[in-house]
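The sequence shown: position 53 = 53 (the working numbering), numbered continuously.
It cannot be assumed that every hint is accurate.
Okay, the calculated beta carbon distance ranges per label pair [as the list claims (entries may be wrong)]:
| # | residue 1 | residue 2 | range |
| --- | --- | --- | --- |
| 1 | 73 | 125 | 23 to 33 Å |
| 2 | 149 | 40 | 41 to 51 Å |
| 3 | 65 | 112 | 12 to 22 Å |
| 4 | 83 | 35 | 10 to 20 Å |
| 5 | 148 | 105 | 23 to 33 Å |
| 6 | 11 | 47 | 52 to 62 Å |
| 7 | 132 | 47 | 33 to 43 Å |
| 8 | 125 | 11 | 42 to 52 Å |
| 9 | 21 | 152 | 17 to 27 Å |
| 10 | 144 | 66 | 23 to 33 Å |
Just so you know, the hints here were simulated from the structure itself, not pulled from any lab data. As the structure is a computational prediction, the values presented were derived from the model and not from experiment. C-beta: ideal position from N, C-alpha, C; glycine also.
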Amino acid sequence: MGNVKRVQTEEKPKGIIVFGILQIIFSSFSLLLMLFNLFILILALAVANIQEILGSSGVSLAHYIFSLIYSLTISILGLVAGIGILVLKPWARKLLLSLALIVIPVGTANLIFTSVKYTDLSLIMGTTLGFIFGLVYYILVLWYFNKANVKKVFS
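All chains should be built: construct the whole structure from the sequences, respecting the hints.
Spelled out as structure tokens, the structure:
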């Protein structure tokens, strides 16, 4: 397997397994939600135009399309990273850390934009709760995957 050192299962820190599994679960769930969202949008477009659909919810078209593409991309990359983490691929650690460095500022910007732009309390609350959860998770990812013993496993 190239020059990648293999670590026995008993030597692999349990946190790597936990984060790998969580990443797969979170990314899979997000991917399914985004695919369902896309499916519903396509069905709705058969009945009405996009401006009527989004206009009734108060969501701007540009924000909706960006959020959909961004979430699909992050979900797919997160799924790949989670699988790679479980098999100790060095690129997976780097990908997961990169995702954290992207998700934190984009999530912050989305929270600010949503809070300023929209008045729908359920939209604002959903965005806020999602942001807090994602922020805590990805801060833990940044902390854990930068620990010396974890870096060593992936070297």
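| request: Provide an ascending list of the numbers of those earlier hints which the structure does not satisfy. | output: Nothing - there is no hint that the structure violates, so all of them hold.
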